[in-house]
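Participant: Please put together the full structure from these sequences, using the hints given.
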Amino acid sequence: MSTVFTFRIDGKDVAGSEGQTVMEVAEENGIDIPGLCHLEGIHDRGACRLCMVEIAGSPKLTAACVTKITEGMDVTAHSERLQEYRRTVTEMLFVERNHVCAVCVANDHCELQDLAADLELTHFDLPRISPKLDIDASHRLFAIDHNRCILCLRCVRVCDEIEGAHTWDVMHRGLETRVQTDMGIPWGESTTCTSCGKCVQVCPTGALFEKGRAVASGSKHQRPFLPWLKIVEEERGR
Amino acid sequence: MPVLHAKPQAPTDDKRWKIVETRMRRMGDRPAALIEALHAAQEAFGYLDTDALNYVGDTLGVPHSRVYGVATFYSFFTLKPQGEHTCVVCTGTACYINGAKDILSGLEKALHVKPRQTTADNKISVLTARCVGSCSLAPAVIIDGEVKGKVNVDDLVAQLEAM
Amino acid sequence: MSEMPATARPTHRRATIETADGQPRASAYVCEAASCMSAQSHDITLRLGERIAAAGMTDVTIKRVGCLGLCAAGPLVEIAETAELFERVKPDDVEGIVKALKKVKPTDTRRPQGPFFEKQLRVVTENMGRIDPESLDDYVGRGGYEALKHVLSDMTSTEVRDEITRSGLRGRGGAGYPVGLKWTTVAKAEGTQKYVVCNADEGDPGAFMDRSVLESDPFRVLEGMTIAAFAVHANEGYIYCRAEYPLAVSRLRTAIRLAQRAGLLGTGIADTNFNFDVQIRLGAGAFVCGEETALIASIEGRRGTPRPRPPYPAVQGLWDCPTLLNNVESYANVPTILNKGADWYSEYGIGKSKGTKVFALAGRIVNTGLIEVPMGTTLREIVFDIGGGIIDGRPFKAVQTGGPSGGCIPAQFLDMAVSYESLIEVGSFMGSGGLIVMDDTSCMVDVAKYFMDFCREESCGKCVPCRVGTTELYMILDLITRGEATLDDLAQLERLAGIIQKTSLCGLGQGAPNPIFSTLRYFRDEYMAHIVDKTCPAGVCTITAPEVMA
Ligand SMILES: Cc1cc2nc3c(=O)[nH]c(=O)nc-3n(C[C@H](O)[C@H](O)[C@H](O)COP(=O)(O)O)c2cc1C
Ligand code: SF4
Ligand code: SF4
Ligand code: FES
Ligand code: FES
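Chains as they are written, first to last, in our numbering: chain A, 1 to 238; chain B, 1 to 163; chain C, 1 to 550.
Everything labelled a hint here was simulated from the structure, so no lab data went into it. Where hints are given, some of them may not hold.
[What the hints assert, rightly or not] If we take Cβ atoms under 8 Å as the criterion, some of the chain C residues that face chain B in the derived model are:
#: 1; residue: Cys-71
#: 2; residue: Pro-205
#: 3; residue: Ala-284
#: 4; residue: Ala-286
#: 5; residue: Ile-436
Glycine residues also receive a C-beta, built at the ideal position from the N, C-alpha and C atoms.
Facilitator: Here's what the structure looks like:
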């Protein structure tokens with residue numbers, strides 16, 4: 001059976017089994033490490049960089065969601081410096097696109113908004129990029145507002161790894177990166193989309209939403225399908 | 001990985017599809033052949049249209065959205081037809097400090113095209129590259145595949161206008 | 001914004017013209033590497049052939065060779081016996097070369113003169129300009145494949161790795177990771193399927209060392225990779241080469257074919273039971289694909305986005321198998337190290353930087369081109385003695401090394417001995433070896449902005465600090481160059497640069513702030529001039545803010 005490692009996060013003694021990530025063990029122990037690309041049940045990609053932590057003895061910061069635990073490691077997940085970095089990275093997400101929370105379908109149910117509140121990010125100093133982007137409402141049930149997308153790619157991963165449709169992927173690169181369906185065609189014309197709605201449910205912001213419904217009454221935060229991948233993987237012994 | 005789907009037909013009976021097909025087959029028609037296949041298709045047709053992307057994706061068993069993601073990630077691939085001639089202006093460091101900016105502004109003034117645009121008469125597409133490895137000849141441009149070094153803006157414009 | 005037409009293919013190629021029967025009395029070497037080719041050097045080859053035939057000279061040979069080094073002065077022709085070099089050869093100059101060829105005496109010995117040649121030490125480039133890059137016989141004639149044969153018949157893989165480790169060879173692609181150590185990690189990694197990959201993406205703008213090596217001596221890279229494969233127990237290899245280098249790709253293809261035919265690649269190499277074969281994969285215009293995990297993704301046919309490490313490719317790389325990934329120049333050093341021994345190799349260099357380094361000289365320098373010097377040579381020797389100083393005798397301002405992750409080194413460090421360590425100490429980076437010289441016509445804020453523009457265009461977009469942050473830095477730099485920034489903006493620039501460096505996923509984002517840090521460190525006065533005095537001292541930037549009253 002797998003080896004148990006004991007180590008410390010923010011001075012607290014914790015334990016986990018070999019192969020687990022720092023993020024997973026932190027979650028199990030009620031230590032909140034922020035992260036927007038991470039979602040339990042789909043593969044981690046270490047991209048939002050909000051979960052950066054310090055590990056004693058290493059000069060570099062590392063992303064908790066993709067860092068495997070080791071025996072005796074000493075993790076600092078919260079410090080003045082780390083919180084400043086997180087605040088700035090979050091601010092970058094806000095200035096990159098257009099997040100006017102007051103008129104957003106996900107108002108009060110948005111992980112980005114929650115994060116900003118937790119980090120006490122109250123005003124923005126960075127130059128705004130905020131291009132005016134499209135809203136694609138061609139799908140019968142759902143819509144995507146690219147102005148709210150933070151490119152966490154949860155939708156891409158859930159569509160591929162769990163639904164198996166691979167309707168979503170990304171196009172272009174750098175600041176031009178956008179999520180897209182099939183050949184960059186309108187969502188409603190996609191021949192691969194099964195209309196399962198999983199992408200909508202995992203989207204942390206108001207980018208993907210169900211038409212005619214505010215998120216509160218919708219199904220975000222109810223993701224019964226997510227543990228599935230994990231179970232399958234455990235059965236396969238990975 | 002076994003290929004479970006029937007092999008798709010080439011979009012048209014244009015002989016050039018054979019080249020693309022051969023290139024994919026040589027790599028076992030596997031998803032890993034995607035970029036090579038896109039190279040082959042662009043070499044054959046000059047650009048990648050939706051038919052080409054669909055065909056390559058279906059042959060290799062790659063989801064369409066991923067094909068599109070790859071084709072748009074790499075700046076070498078173009079999804080639009082180019083002009084009759086191409087003029088690639090190097091904007092690498094050596095060329096930059098030796099006047100690449102002036103070449104671009106000169107072309108814009110004379111031909112009314114910015115990088116990635118094609119002249120109204122469809123004659124010339126202006127592109128840029130970040131270093132073509134001819135830094136000792138900076139500033140360098142590539143006209144229809146031939147490198148020209150130590151470029152003088154006026155001569156370049158004259159040459160392009162004569163094309 | 002960087003695009004290349006698919007039509008960028010070499011337009012002409014023909015084998016060496018041999019007119020001499022038996023040993024030639026005189027030989028003309030015509031450079032047919034890309035730089036000289038673009039100056040129509042092939043026409044010179046043809047013309048020389050015609051003239052020599054017309055003159056009935058049967059004891060003279062003309063040979064197509066790789067890079068002769070002084071790229072800016074091409075087309076270059078060298079008379080091998082006398083080392084007489086003809087620069088900027090025009091068709092009309094061919095008669096003069098024919099005359100010079102007539103005068104060559106059998107007793108003439110080659111002695112290239114001048115500091116450009118005398119200060120160099122040629123290891124990686126020893127065959128460059130001496131052999132026909134498309135002739136296996138030429139390569140073998142200069143000792144090629146002796147190292148591989150020796151390795152396969154007399155050495156164990158452990159011995160090979162130890163020899164490379166003892167030589168002190170470090171990766172030439174940027175970070176300087178010890179090559180022997182990487183080989184050992186791959187050799188010991190679990191798994192039966194292993195790969196050897198050569199990084200020939202050479203994305204740093206202003207760098208063309210790898211291109212020249214591939215165009216001038218492709219067999220050397222293949223031999224180095226084959227030895228590496230033996231040392232790490234791999235049977236399959238890939239060379240990932242930029243599509244912008246059509247001539248290098250075509251020469252590599254030829255070399256692979258010839259090596260396969262001669263039993264030096266494929267099954268049963270050199271009549272042993274060792275198998276190894278190599279395939280070429282073309283890049284498609286993405287700088288980030290030089291990063292190792294992105295490169296691997298690209299070979300696998302995916303978007304070239306890096307992934308977090310560990311796991312390192314040495315343990316889990318191509319198709320999740322242990323993968324050895326080294327740079328072109330790293331592999332090119334290998335045959336010589338095994339021929340001459342680790343002790344010989346490690347005598348050159350300084351401190352922990354052993355051997356030689358190939359540099360591409362470019363920018364505002366007289367002798368732009370390719371050079372190879374022992375590690376520890378000073379910047380002054382490189383720029384002034386070998387490089388011939390600044391064009392038009394203008395004042396030297398800085399030399400930029402390390403590409404977009406590097407820095408600008410000011411005049412006060414000209415006497416610094418170049419090594420991995422010393423470059424980092426002054427805030428720059430070895431990178432792959434591009435040295436771009438700048439004079440007083442360059443504005444250092446504009447240079448920083450140039451590199452930031454590069455990074456934001458080449459950012460893969462995966463991680464937030466790099467995707468958004470490089471554009472943020474660019475916007476602030478743009479404000480500064482327009483004279484519209486305040487000191488608060490400058491503080492924001494520095495703060496943000498630090499965060500991007502610390503939090504980005506891969507080397508592109510982590511290194512992107514370096515040009516800002518180094519220019520701020522040595523040229524802060526130029527930033528201040530733009531911000532406070534609203535002027536650009538070099539006269540490069542267009543200031544849009546009204547000038548302040550004194
Ligand atoms: C953004 C980025 C670009 C890179 N580009 C190159 C390149 O063009 N050529 C190269 O050899 N290494 C490049 N590298 C370094 C490689 O990731 C890798 O370290 C190197 O190829 C390893 O070979 P070496 O140990 O022989 O140097 C790059 C790294 C980064 C982060
Ligand atoms: S649409 Fe939502 S889930 Fe998809 S990448 Fe954007 S923010 Fe993430
Ligand atoms: S640092 Fe830049 S290039 Fe590297 S992963 Fe992040 S976005 Fe991509
Ligand atoms: S949650 Fe770890 S990088 Fe996004
Ligand atoms: S910078 Fe233009 S060719 Fe290298």
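Participant: If a hint holds in the structure, say so; if it doesn't, say that too.
Facilitator: Now the hints, each set against the structure:
no. : hint    : verdict
1   : Cys-71  : holds (3 Å)
2   : Pro-205 : holds (3 Å)
3   : Ala-284 : holds (3 Å)
4   : Ala-286 : holds (5 Å)
5   : Ile-436 : holds (5 Å)
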